[in-house]
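Asks: Letter by letter, the chains look like this.
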Amino acid sequence: MKKRDRRSQSLRVSESQSQKRNFFEMLKRILLAIIILVGLGLADWIISRALGPDSYYLQIVIEVGIAIILAVSLNLINGFTGQFSLGHAGFAAVGAYASAAITFYFGAKLVDMVAGLGVGPAVAKPLVFIGVLMVAGIAAAIAGLLVGLPTLRLRGDYLAIATLGFSEIIRLIINNRPEIGGAAGFTPLVALPKFVSFFWVYLFVIITIVVSANLLRSVHGRALLSIREDELASQVMGVPITYYKVMAFVLGAVFAGFAGCLTAHQNLALHPNDFDLIASVMIVVMVVLGGMGSITGCALAAVLLTLLSYALRSTEGLIGGCLLIGLAIISLALAGRRMRSYQKSILSAALLMGIYLLLKASQLLLEQRLAELRMLLFSFLLIMLMLTRPQGLFGAREFSLARLLEYLRPLLRRQTHGPA
Amino acid sequence: MALLEAQNCTVRFGGLTALSGFTFMMEQGELVGLIGPNGAGKTTFFNMLTGLCRPAEGSLHFEGKDLINLPPNARTHLGLARTFQNIRLFANLSVLDNVRVACAHSPRYGLARAILQTPLGLAEEARIHDRAMKLLETFGLEKHHALPARNLPYGEQRRLEIARALATNPKLLLLDEPAAGMNPFETQELMRLIRNIREQFNLTVLLIEHDMRLVMGICERVVVLDHGVEIAAGTPEEIRRNPKVIEAYLGETDVER
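These protein sequences, in sequence, are chains A and B. Under our numbering, the first residue of the first sequence is numbered 1, with each subsequent residue one higher. Under our numbering, the first residue of the second sequence is numbered 1, with each subsequent residue one higher.
Don't read these hints as lab results, they were simulated from the structure. Some hints here could point you the wrong way.
[To be verified] Covered, in the sense of this in silico footprint (three residues per stretch, anywhere, with C-beta under 8 Å from a C-beta of chain B), are these stretches of chain A:
{"#": "1", "stretch": "202-216"}
{"#": "2", "stretch": "222-232"}
{"#": "3", "stretch": "235-241"}
Computed from a predicted structure; not experimentally measured. From the three backbone atoms N, C-alpha and C, an ideal C-beta is built for every residue, glycine too.
Could you build the full structure based on these sequences and the hints that come with them?
Replies: The structure is reproduced here in structure tokens:
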């Protein structure tokens with residue numbers, strides 16, 4: 001007890017010493033927040049002007065943002081804490097359906113009520129939407145708590161199975177509740193006008209990334225990492241692992257809930273099958289591909305995979321994908337000379353698969369069965385990426401401009417001094 | 001009142017009794033060595049003290065507080081810290097982060113303050129950073145602070161483990177074979193280090209060790225375990241001459257005859 005008192009006293013001294021600096025620090029942050037908000041607003045305006053408010057491309061941009069939120073928040077659980085969760089889509093479903101139910105049944109009433117308080121409807125709608133988002137977050141947080149607590153003792157595969165089971169339970173419950181659409185899907189979310197825009201989605205992208213990054217740089221983030229590294233040693237060093245494991249689940253779930261709410265109010269339609277195992281696996285793939293524990297890596301992987309899945313929907317994209325496979329085969333064959341024997345055996349399997357895929361792809365292209373071809377190419381590209389970079393695009397590192405410049409410097413120098 | 005009181009502790013793993021009726025006391029400021037052949041129950045005793053396994057019988061008190069029902073992290077906060085026989089550093093975290101994980105922080109510095117990076121949070125982070133760096137300096141590791149722990153040479157990993165244990169602000173430090181795998185020169189260094197930190201941090205130290213030079217060189221009292229039972233206790237000199245100890249280590253001898 002005495003020690004604690006002394007500690008807080010010394011804190012107080014250092015607080016008063018640096019009060020002035022703290023004030024400017026806070027001012028700087030508030031300014032930064034305003035700049036970000038204004039910047040997002042501007043970007044929103046420009047993008048909706050450039051692409052049109054309901055364009056296909058805007059839809060893709062928004063979907064990319066939602067994928068980033070999901071991947072970065074799953075990274076908190078899988079990448080930082082090392083708890084392998086396969087139920088992230090389940091959390092998103094909780095958030096999506098909770099918020100959709102509110103806007104469907106009470107949305108119009110709530111907007112009227114808030115508008116009746118003296119603010120115009122233009123202000124009332126975003127206010128209600130913020131409330132709805134909070135409800136989605138809280139609902140998902142409760143779900144995270146419900147999953148986190150009983151699965152504390154589980155590790156690795158067992159935890160993955162438990163979380164998978166949980167997300168299936170959520171999906172099946174939704175399937176059987178006619179009040180929220182049941183198996184037919186929850187379609188007419190007409191009570192609120194569609195106002196998930198670029199601004200809202202990317203505001204939450206920034207919030208998710210900033211929260212993860214700040215967390216990582218704090219005592220609490222390091223506690224999560226230490227659990228990933230060695231749970232037992234971490235506990236013996238005084239880290240309350242129960243608290244942190246549940247916290248990781250809850251925090252990850254909250255952001256998944258936000259993402260679900262944004263999806264619901266972007267698509268204005270929900271279907272339980274949007275939140276099935278495949279959806280969860282896609283998020284896990286983003287995290288693994290980006291690099292477990294790398295925020296920027298996960299964000300980048302989310303962008304790439306979402307764009308890839310859209311790109312492969314067009315014939316041009318499919319042909320491009322086939323070309324990529326061809327390229328991959330050639331580069332693998334070239335790289336094969338420098339490989340170890342076990343890598344060679346994987347390689348020969350990949351080569352065989354690639355050649356088979358190319359044949360199959362041309363057949364599917366000729367027969368115009370594009371949807372099947374899309375999944376084939378997608379999985380092949382994933383396998384190629386995992387073969388060439390098993391630690392993920394970024395490993396556990398973060399993207400840093402300084403390191404990039406360091407890396408590029410010799411190239412730049414050669415360009416400027418090369419001819420002389 | 002003794003700092004640590006373990007009364008009649010018995011630990012069983014299924015049919016195997018790793019520790020039976022072991023009673024052990026430690027006073028504030030002592031430096032005690034725990035020795036014994038492999039499988040004698042030394043590490044089991046450490047595990048029981050730090051809460052990794054539960055005694056079937058017996059009582060455990062630290063500064064008069066009952067430990068039996070406390071989880072490992074709560075025992076650490078009371079002032080028990082340990083190192084591991086097989087090094088268990090956070091291999092992929094930096095040397096600095098390894099120590100920072102173990103540094104306690106103000107209870108007011110919660111999750112919200114961390115995410116919002118409030119002045120109090122930043123001040124706490126700065127304090128923890130300074131404390132960790134100071135510890136690393138004590139152990140001569142400050143120049144490696146940014147390296148991942150797994151890249152350190154073996155001897156420095158051992159030192160980092162001790163630094164990490166000290167970051168928890170312990171009263172009693174438990175060292176599990178700190179000199180394992182060290183050459184004679186490094187062992188000498190380690191002995192000096194243990195003496196230094198003991199004075200500097202006002203520590204009570206209990207160490208398990210097979211290197212008799214280290215045990216005989218720095219321990220004031222030695223306790224010998226064999227098959228989970230205490231067979232001897234006393235000063236290093238007494239232990240060295242004790243026939244029972246020689247028997248436990250070397251098998252039946254004709255000393256008694």
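Asks: Hints broken by the structure, by number, lowest first?
Replies: none
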